[in-house]
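K.L.:
Let chain D serve as the given structure and place chain C on it in line with the hints.
Residue numbers (this note's numbering), protein chains in the order written: chain D, 18 to 439; chain C, 18 to 439.
You may find that some hints are simply not true.
Copies of the same chain look alike in the list, so a pair counts if it works inside one copy or between any two.
To be verified - Below 27 angstroms or equal to it, Euclidean Cα-Cα: the simulated DSSO-like pairs (lysine-lysine) are:
{"id": "1", "residue 1": "K47", "residue 2": "K292"}
{"id": "2", "residue 1": "K48", "residue 2": "K72"}
{"id": "3", "residue 1": "K72", "residue 2": "K37"}
{"id": "4", "residue 1": "K72", "residue 2": "K47"}
{"id": "5", "residue 1": "K212", "residue 2": "K380"}
If you're looking for bench data, these hints aren't it; they were derived computationally from the structure.
Number of protein chains: 2
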Amino acid sequence: MGRVVHKYGGSSVADADCIKRVAQRIVATKKAGNDVVVVISAMGDTTDELMDLAKQVSPLPPPRELDMLLTSGERISAALLAMAIANLGYEARSFTGSQAGVITTSRHGNARIIDITPGRIEEALGEGHVAIVAGFQGVAQDTKDITTMGRGASDTTAVALAAALEADYCEIYTDVDGIFTADPRIVPAAKQIPKISYEEMLEMAACGAKVLHLRCVEYARRYNVPVHVRSSFSQKEGTWVVDAKELTDMEQAIISGVVQDRNEAKITVVGVPDKPGEAARIFETVAGAETNIDMIVQNVSAVATNRTDISFTLPRVDGARAMSALARLKDEVGYESLLYDDQIGKISVVGVGMRSHPGVSAKFFSALAEVGVNIEMISTSEIRISVVVDENLVDVAVTAAHTAFDLDDEHTQAVVYGGTGR
Amino acid sequence: MGRVVHKYGGSSVADADCIKRVAQRIVATKKAGNDVVVVISAMGDTTDELMDLAKQVSPLPPPRELDMLLTSGERISAALLAMAIANLGYEARSFTGSQAGVITTSRHGNARIIDITPGRIEEALGEGHVAIVAGFQGVAQDTKDITTMGRGASDTTAVALAAALEADYCEIYTDVDGIFTADPRIVPAAKQIPKISYEEMLEMAACGAKVLHLRCVEYARRYNVPVHVRSSFSQKEGTWVVDAKELTDMEQAIISGVVQDRNEAKITVVGVPDKPGEAARIFETVAGAETNIDMIVQNVSAVATNRTDISFTLPRVDGARAMSALARLKDEVGYESLLYDDQIGKISVVGVGMRSHPGVSAKFFSALAEVGVNIEMISTSEIRISVVVDENLVDVAVTAAHTAFDLDDEHTQAVVYGGTGR
Chain D
18 MGRVVHKYGG SSVADADCIK RVAQRIVATK KAGNDVVVVI SAMGDTTDEL MDLAKQVSPL
78 PPPRELDMLL TSGERISAAL LAMAIANLGY EARSFTGSQA GVITTSRHGN ARIIDITPGR
138 IEEALGEGHV AIVAGFQGVA QDTKDITTMG RGASDTTAVA LAAALEADYC EIYTDVDGIF
198 TADPRIVPAA KQIPKISYEE MLEMAACGAK VLHLRCVEYA RRYNVPVHVR SSFSQKEGTW
258 VVDAKELTDM EQAIISGVVQ DRNEAKITVV GVPDKPGEAA RIFETVAGAE TNIDMIVQNV
318 SAVATNRTDI SFTLPRVDGA RAMSALARLK DEVGYESLLY DDQIGKISVV GVGMRSHPGV
378 SAKFFSALAE VGVNIEMIST SEIRISVVVD ENLVDVAVTA AHTAFDLDDE HTQAVVYGGT
438 GR
Chain C
18 MGRVVHKYGG SSVADADCIK RVAQRIVATK KAGNDVVVVI SAMGDTTDEL MDLAKQVSPL
78 PPPRELDMLL TSGERISAAL LAMAIANLGY EARSFTGSQA GVITTSRHGN ARIIDITPGR
138 IEEALGEGHV AIVAGFQGVA QDTKDITTMG RGASDTTAVA LAAALEADYC EIYTDVDGIF
198 TADPRIVPAA KQIPKISYEE MLEMAACGAK VLHLRCVEYA RRYNVPVHVR SSFSQKEGTW
258 VVDAKELTDM EQAIISGVVQ DRNEAKITVV GVPDKPGEAA RIFETVAGAE TNIDMIVQNV
318 SAVATNRTDI SFTLPRVDGA RAMSALARLK DEVGYESLLY DDQIGKISVV GVGMRSHPGV
378 SAKFFSALAE VGVNIEMIST SEIRISVVVD ENLVDVAVTA AHTAFDLDDE HTQAVVYGGT
438 GR
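Isolated chain D, as found in the complex (with noise of 0.2 angstroms):
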């Protein structure tokens, strides 16, 4: 007998006849001989309401509080999901993130799963039923207060569960088809990635891609759960995200997909003294800030003046409260000037394959050229090489690479561009 975990999102359970329609996905999987967990979101907009009304009593509502109040979102949702399967015929228990085992730290709207114990899950299981379990929370293991887990909880959650339960696999359905080598939105010409490995999915999650949440493919890789991304609104074959053994040559293209990331600014601190340490005090003051660093780049030092530049990218949430703390720095470290720039997108081209295909570099940045795009900054890994552009040109650029890699859809090109393909 199989073992599934399901994750269905907001959009998935929207109003009853979505939950409804889930239920009927759910048994038609039992049916095939499978033991099933859901985990599930709450109701479309839910979340966001209960945030509302929240607002409407305090402005500042205590973080232990909002988590009691936000939690019920899946609670109902799990618990609707539960009668609707039972109302097909087959039992179904819904269990909250506590009664689940799902273990967590105690940092309110932001925790990490610390362990899974899924022992009630476990006995619904071995008595035949679904078990649904609310998705975005868990229970401090200090405090043993509930608590929410922030973005991308639910999926991290249903591959967590799949892990600990030893399933065979983990669907996260969802409102796209799957992953696709570029934005369709972007690139018309974009074809769905039926196979992809967790290092690729790590790096374009980490660079920009919205389907899968990093933390989430992190939790797949370490415990080599399958998880295969799909819609919720048809039948369609999605995307596997797999470990890279599990990909045949054929499957192994050079590169997998162009990314783009439209949420990051760039800060440039001009003439910093060339002296040893420098940058240590930059890059900790920016730390103590609280910013997540991205990409930086310190050129060489002009040797008539012993001074560098150094620039790097951050989260432009974050850009204003870095700038103030490096501003207060400037006697001490002693640079020129900072410059601010929020009108940046980062573009990345990521694929296993430029391990072993030299040159890959340099088509990125040539098919760049062609189109008149200039390159701020480049930054790469084994596997993924990002570079930093005008953000008026993102949309251009990515165009660019994913036909210079040779990734656009024959059929949609020849609509385009009137041939039979290249």
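P.N.:
This is chain C only, laid out in the frame that chain D set:
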């Protein structure tokens, strides 16, 4: 330092503004130097709305899941109230019934309190916090599932918590000013009762008074918790429900109040053979149909026929079921016919004083006769006399009894009758 328990019903916390007003009242109580524990219902019509949602996904929701769903309502209002209190500068923590240590039977939808172990509440009070407990719910002792506790549950929980925490008293905030000598909508001259004994309140609740639930009053009496029933929309003193010993002679009226119940029906089994065991058979059958019998009247058998009529009253909602069960008994018992009458009302006068004052029945029955009300059945306890009359004459009967026992408010009377009082 005093210790009090407040309970607020759904209409008292109907929206964000109501919640903020309730928060102010609680903070005022805390400022006065008290430990404060609050039991709170779901906001406004939330419970009904959640029931609607449930019916949309399933015509017959499994009881366990219905409890998981409905308890979200109280969770939401408890968290919001805690936020509102924090916004006024006082610390508050919300707790589910389970977290508050409300241990119940496992009968979903109608669980009973087995015990209350309020360890976390004591801890919160010890830290100077206001403790907010989600009403209507507990945790089943054996299954550890969340349960809801049926009608009057939040009032009962509040009183039970007050008992377990050895609170000085329990205040039940509602949308009326207190307990009245009669329903003010029927008798404009009804007066608010300042103090009433547990026993009288029990009788009034059992005989149709809606403000406090029977179970709640039973709990208060068993554990000697003074209960203050008052309006959440004003600062006026309400009605204190206390041990009879607390009432002075002055306060101990002969009759405390008149109540009516329009929810009963009368069944008459006509011509029952006067043999031992026949009455038992009839009542066994009705009990087997899970109905609660209220009043029973059996006349002596007619000498000529050696048969008797047995009449009893029961909740109108159980009428059809009881009639079916009795119909199946016809041959076995050999009665002549069954009569069903749901056009009845039950009027009760309640007062500890009647123990020591003869003539109360006579005064009651005369008052009814004077206004042309025929009495169909009579039933009494030490401190209560109930009669069954035609449903259309209930208001007339209540008014007549109220006046006959000198309960009319003199000012109102003067306005109505143009005199200076009796």
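K.L.:
Now tell me if each hint is right for this structure.
P.N.:
Verification of the hints:
no.: 1; hint: K47 to K292; in the structure: neither (66 angstroms within a copy, 60 angstroms between copies)
no.: 2; hint: K48 to K72; in the structure: between (45 angstroms within a copy, 25 angstroms between copies)
no.: 3; hint: K72 to K37; in the structure: between (32 angstroms within a copy, 12 angstroms between copies)
no.: 4; hint: K72 to K47; in the structure: between (41 angstroms within a copy, 24 angstroms between copies)
no.: 5; hint: K212 to K380; in the structure: within (24 angstroms within a copy, 90 angstroms between copies)
In summary, the one numbered hint that this structure violates is 1.
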